[in-house]
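**Student:** One letter stands for each residue in the lines below.
Protein chains: 2
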Amino acid sequence: AIFGAIQSQLGPHKGPLNGRRIVVTAGPTFEPLDPVRGMTNRSSGRQGYAIAEALARKGADVTLISGPVALPAPGGVRRIDVETADQMLEASLNALPCDVFVAVAAVADWRPKQAATEKQKKGPDAELSVTFVKNPDILETVSKHLDFRPKLVIGFAAETSELEAYARAKLASKGCDAILANDVSDDVFGSAKNQVSLADLDGFTAIPGTTKADVANFVARYIHKRLG
Amino acid sequence: AIFGAIQSQLGPHKGPLNGRRIVVTAGPTFEPLDPVRGMTNRSSGRQGYAIAEALARKGADVTLISGPVALPAPGGVRRIDVETADQMLEASLNALPCDVFVAVAAVADWRPKQAATEKQKKGPDAELSVTFVKNPDILETVSKHLDFRPKLVIGFAAETSELEAYARAKLASKGCDAILANDVSDDVFGSAKNQVSLADLDGFTAIPGTTKADVANFVARYIHKRLG
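Line by line, the protein sequences are chains P and S.
Quick note: the first sequence uses the numbering used here, first residue 6, plus one each step.
Quick note: the second sequence uses the numbering used here, first residue 6, plus one each step.
You may find that some hints are simply not true.
If chains are identical, the list can't say which one is meant, so a pair holds when it fits in one copy or spans any two.
Derived pair list, reagent style DMTMM-like, types lysine to aspartate or glutamate, alpha-carbon separation capped at 25 Å [as the list claims (entries may be wrong)]:
1. 156 - 130
2. 118 - 132
3. 230 - 130
4. 19 - 169
5. 175 - 66
6. 230 - 66
Don't read these hints as lab results, they were simulated from the structure.
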């Protein structure tokens with residue numbers, strides 16, 4: 006019994022996704038302005054971690070590429086810690102080839118054009134202007150990868166309005182197979198609750214249940230079905 | 006024995022700081038750019054939480070005003086959650102009068118001049134310019150408070166260079182009684198380790214020990230001595 010318990014904690018699970026390599030990104034990215042300050046997104050990482058956990062439970066070989074969060078890695082999941090969008094892209098490309106890529110991370114769209122190496126002091130100016138440049142688009146880069154495009158690529162869209170329209174637009178422009186559209190107009194950040202719909206070529210489906218674990222289990226079942 | 010354990014968890018501690026009202030700020034602030042994005046500082050909140058805990062253990066009546074962190078409130082401490090510098094200032098002023106104010110939070114010096122109420126979509130532009138305005142200075146506001154200036158006000162300075170010079174300058178300009186100068190050129194963020202010196206009118210003292218708990222205990226003893 007003790008051996009069994011240790012096995013189920015540490016060993017690979019047996020399940021319907023056995024042998025499938027799945028990469029999940031999670032958490033925010035942090036884009037430094039100087040050694041102390043930076044731009045970030047609201048994201049506790051909980052939804053991505055829950056998805057990684059649900060996939061590992063079904064037997065998948067899961068790599069979790071995580072921005073800075075305060076969560077322990079789920080059992081049986083390989084976790085790679087990154088900070089910036091550039092680092093997350095590099096880690097994602099290094100994790101290819103894989104069968105499924107699930108981009109849950111709230112990647113900062115922009116980063117400060119220049120990051121100072123020393124902490125910037127407050128000057129006398131009342132205003133400060135910072136120029137940002139676009140970050141690489143990880144979801145699009147993986148979805149349009151010429152050599153290692155995964156069989157299934159799923160993205161996430163956190164929106165405060167027009168959920169379905171934005172999700173459909175993102176599905177088309179990024180070249181991915183499904184978008185999980187997350188209504189963040191309510192206070193879901195850091196909470197165990199979430200409200201998510203899934204957009205793919207077949208339609209737009211509200212995911213039943215209200216917790217991040219419900220969403221994770223739905224996504225794991227969806228992946229299993231799509232891989233057939 | 007069980008009653009004793011519950012008492013020491015829940016009840017007020019008896020100690021040398023009994024009856025003293027102490028306010029501690031901790032963690033980063035988050036300054037929204039839109040409902041998803043914002044500017045923040047690197048800060049896990051651990052040093053501030055450790056100081057609040059050490060003060061409560063010595064019997065102080067501790068109010069912990071905390072930015073967004075993933076830490077549980079220490080036992081016996083009243084915690085008030087805030088997000089922005091403006092909210093932290095308001096909560097700090099509401100917590101006056103107090104005997105001691107310890108400003109450990111890594112407050113963002115700047116906030117976006119305009120925060121959008123809907124998530125901003127990526128446009129075709131390759132660059133984005135954001136104007137920031139200065140945040141209120143909580144340490145200075147409390148240190149120079151006309152009606153409720155606490156007996157002892159201690160600030161924190163996270164620096165990557167010229168620790169002592171910046172600490173002395175901050176001590177003078179803010180009007181506080183002591184500055185804890187934190188060398189963040191090494192990788193202390195989120196770690197249990199810290200390297201801190203204390204600057205006051207008597208000198209500049211390296212705090213012995215290397216953990217955030219060591220620093221917290223030193224600060225608690227220092228406060229006890231100064232109130233003495």
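**Student:** Within a copy, between copies, both or neither: where do residue 156 and residue 130 come within 25 Å Cα-Cα?
**Tutor:** Neither. Shortest intra-copy (52 Å) and inter-copy (32 Å) distances fail the 25 Å Cα cut-off.
**Student:** Within a copy, between copies, both or neither: which one fits residue 175 and residue 66 at a CA-CA cutoff of 25 Å?
**Tutor:** neither (27 Å within a copy, 52 Å between copies)
**Student:** If the cut is 25 Å between Cα atoms, do residue 230 and residue 66 qualify within a copy, between copies, both or neither?
**Tutor:** within (17 Å within a copy, 57 Å between copies)
**Student:** For residue 118 vs residue 132, is the C-alpha pair at or below 25 Å within one copy, between two copies, both, or neither?
**Tutor:** For residue 118 and residue 132, the Cα distance is within 25 Å both inside one copy (18 Å) and across copies (8 Å).
**Student:** Could you place residue 230 and residue 130 in one of the four classes (within, between, both, neither) given a Cα distance threshold of 25 Å?
**Tutor:** neither (58 Å within a copy, 39 Å between copies)
**Student:** How would you label the pair residue 19, residue 169 (within, between, both, or neither) given a Cα cut-off of 25 Å?
**Tutor:** neither (36 Å within a copy, 58 Å between copies)
Of the numbered hints given earlier, the model fails hints 1, 3, 4 and 5; all others are met.
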